[in-house]
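Enquirer: Going down the list, the sequences are from chains A and B. Under my numbering, the first residue of the first sequence is numbered 1, with each subsequent residue one higher. Under my numbering, the first residue of the second sequence is numbered 1001, with each subsequent residue one higher.
Calculated from the structure, these hints are not laboratory results. Treat the hints with care, since some could be wrong.
[What the hints assert, rightly or not] Footprint (simulated), chain B over chain A, 3 or more residues, beta carbon under 8 Å:
1) 66-75
2) 102-110
[As the list claims (entries may be wrong)] From the structure, some residues in chain B lie toward chain A, with a derived Cβ separation under 7 Å:
3) Ile1005
4) Arg1015
5) Thr1079
6) Pro1089
[Claimed, not checked] Derived DEER-like restraints, expressed as beta-carbon distance ranges:
7) A:Ser131 - B:Gln1160: 30 to 40 Å
8) B:Leu1034 - A:Asn129: 26 to 36 Å
9) B:Leu1173 - A:Val188: 52 to 62 Å
10) B:Thr1078 - A:Gly124: 24 to 34 Å
11) B:Val1234 - A:Thr60: 26 to 36 Å
12) A:Val11 - B:Thr1023: 39 to 49 Å
Only a predicted model underlies this, so the values are computations on that prediction, with no experimental measurement involved. All residues carry an ideal CB built from backbone N, CA and C; glycine is no exception.
The lines below spell out each chain.
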Amino acid sequence: MENAIEVRDLVVERGRRRVLHGISCAIPAGTVTGLLGPSGSGKTTLIRAIVGVQIVKSGTVTVLGEPAGSAALRRTVGYVTQAPSIYADLSVRENTRYFAALYGLGATAADQAIVDVGLADAAGQLVGNLSGGQRSRASLACAMIGTPRLLLLDEPTVGQDPVLREDLWGQFHALAARGTTLLVSSHVMDEAGRCDRLLLIREGLLIGDDTPAGIRAAAGTQDLDQAFLRLIRGREEVHQ
Amino acid sequence: MSGRILFATTGRILRQLRHDRRTVGLLIVVPALLLGLLYSMYHSAGPTFDRIALVMLGVFPFVIMFLVTSIAMLRERTTGTLERLLTTPLGKLDLLFGYGIAFGLAAAVQASVATGVAYWLLGLDTVGNAGLVVLVAVVNAVLGVALGLFCSAFARTEFQAVQFLPVVVIPQLLLCGLFVPRGQMSGWLQAVADVLPLSYAVEALVQIGAHADATTTMWRDLTVVAGAAIVALVLAAATLRRRTP
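Chain B on its own, in the form it takes in the complex (with noise of 0.2 Å):
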């Protein structure tokens, strides 16, 4: 890896979304109108909303980026960008990365935007600091956007690329605990939730909603979603092939 290559390739990614208008709106508002939607809902503030809406400001990023990502990525194979990069002193890892600090960065913005509506605008009430709220979501961000690059490797057309959302992304959705709590799930269920990462994520925001301070769980939870990102970031990079057929 090469830091003047990887900040090269973060800017790039950054340039390419700064002129997709669209694409930077829809990303800021949708998390918040979803929000609001859930606020209308619940109609009002509440303890349902607030147990939703936590762990919903962690799901938001997740997903949106998990989807981006795997169609950018896709974009850099079937235009033949990626196989040109490969021929430059660009690394692999150095394009990986740069997508996961570009779309974290998109990400942060997102979440602080989705978080300050949840909390001055929706009422929400936590016990922790939205701050770690926010942290939360980027760290999620990053793992969806990690895990979009390494799906991205086996979708050939965009049509196999959004097919990954329903098979990566809504089963975590379904076993992270915000349906049925993982202590209520059958021993094997509940064996596959506890390998899921977003499972951890969701954790860590439960924790922040409970606590006044940032707890050691919580902590341990974040590692471990930053971990799965890493791991899921560098299976990526072995996916990426100089040589092809």
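Only chain A is shown next, with the shape it has when bound in the complex (with noise of 0.2 Å):
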């Protein structure tokens, strides 16, 4: 399979720490892909870098076959930060028609998103005036116009109601379904279950890259959150 991702050696710096210490992995295309490590293990490091707006001290990120932040990613690479990253004192609606003018869309593309993410109802508020849930959606809405074909998004479910959080999985399988590649962070393991395939990173390293089946196979357990556990444990054996 082809591969949308591929990052090798990555080593990034962020003042004088350390946070990413040589990471390789490749991610196919079409997948839905999970990032899980625990907060501060460098997963919004390794989506910046992977979007092109972190300086990077040493290694290569290419994305759909060009550097990783080239000019042409601009039009096809979706990217939600963690913080909602949209203007509070726009409604949702005048949000995603700006974002959709960016790509050249028109509004017919930009009410679509919103309708995907479950915001039909509160399309003509202001942002500011949203729930923390209703907020990260509206962002999100603002990076699916137009189904790019990457989409990398930083914590997007976190405070989301559980059967919301079960409607947005279903979409992302679904844009997956129709070519889109996804990467994924959370900190949350029982969102790690719903991914293609799982990057697991703690304290700037990779200790785990594989399928959840593989990932419980290797670890020898079904609970995913008890596998994390077993391969730091085992990472912390071989150290020793």
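With the hints as a guide, bring the two chains together.
Expert: Quick look at the structure:
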């Protein structure tokens, strides 16, 4: 299968601290890959490097065959930051229409994205007046407009109602079925089972890169939370 | 740059402004009120009021748009929308010229109201045309926008951003020729005043005050101010980084 993302020996330093210690991985096109790890493990930094907004120390990141951050990728890569980055003083509809216009798309594409994230009832409301969960869905809608080839989502389901979370995961798989590659970060393990592939990251190191079934088998447990723990312990024993 | 994206960005900024009714109210009413204050200080219309009010019609939009824009751009940075925009097909100049045009249009409304009040209610008297006064005010507002966009790159908080007002705006105000004519300043001060764009805006207004028709000096001054605005916008573009540490 063709890879949508290829990361080789990626090292990133922020301030004087080394955040990513030589990460290498490949993400196949048309899959939903979960990027899992505790807060501060380097998930956001890795996503930023793939978007091409992160200054990297060394290593390469190739996205859809181009170096990360290339001008050509700006039309095909959608990125949703952890904190909703949309205009609080505009309505949901005004936000999505603006982002649609940036991609050369009209009101129909913008309105469809609002429906897809379940915000049709709040379309006319100012983003500043929405709840945290609604706000991050509005931010997600702006990235889903026009079906990008790669969608990078940094903790998109935090604070969402369980039913909505279910819907969102349904949306992610529907997008993947249409050929979009998704990389979704989360620190919640119960979301890991919904992914086609998992990247487990801890303290800037990749400690697992497999399908959920593969990770369960390697760790010898059905519970992914336990599996993550065993992978960490296993590495620590190797170091000692 | 892309016409479509520039147009969408200008529209988006104006929509944000429209949702903020109090800001719109302040933008329109405050300059007119300040002119009224000036009128009361000099008891009535007259040569002194004419001289100062005319200059103020150009200075108010400059100061106000500088402040409004530096905060607006700082918000784009702190809320993450700037980083996000730079991952889309939007060009840096689309964003900066979008701000220039949107706030330039807001300044046109502001300057028209202030100029209307000055001429019709307060009896401001100039030899030249009031329409030219509005034109200078708008170009000057765009200069304020451009400098605000540039300066916001050097501020990380709102507290820092507002501190650029005394640094960037007040020296220009002091040296623009309103308090002491530029010709009477000592050599080095005059040299400084000669490179500050506001000096040219004020000279253009004084020309309108004294001549019935637009003079070549006025057009030259206006070109200098517009040129300085373009230079500041391009410099501001250089401060926008797609990759950050």
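Enquirer: Find the hints from earlier in the document that the structure breaks and name them by number, from lowest to highest.
Expert: Hint check: nothing fails, all pass.
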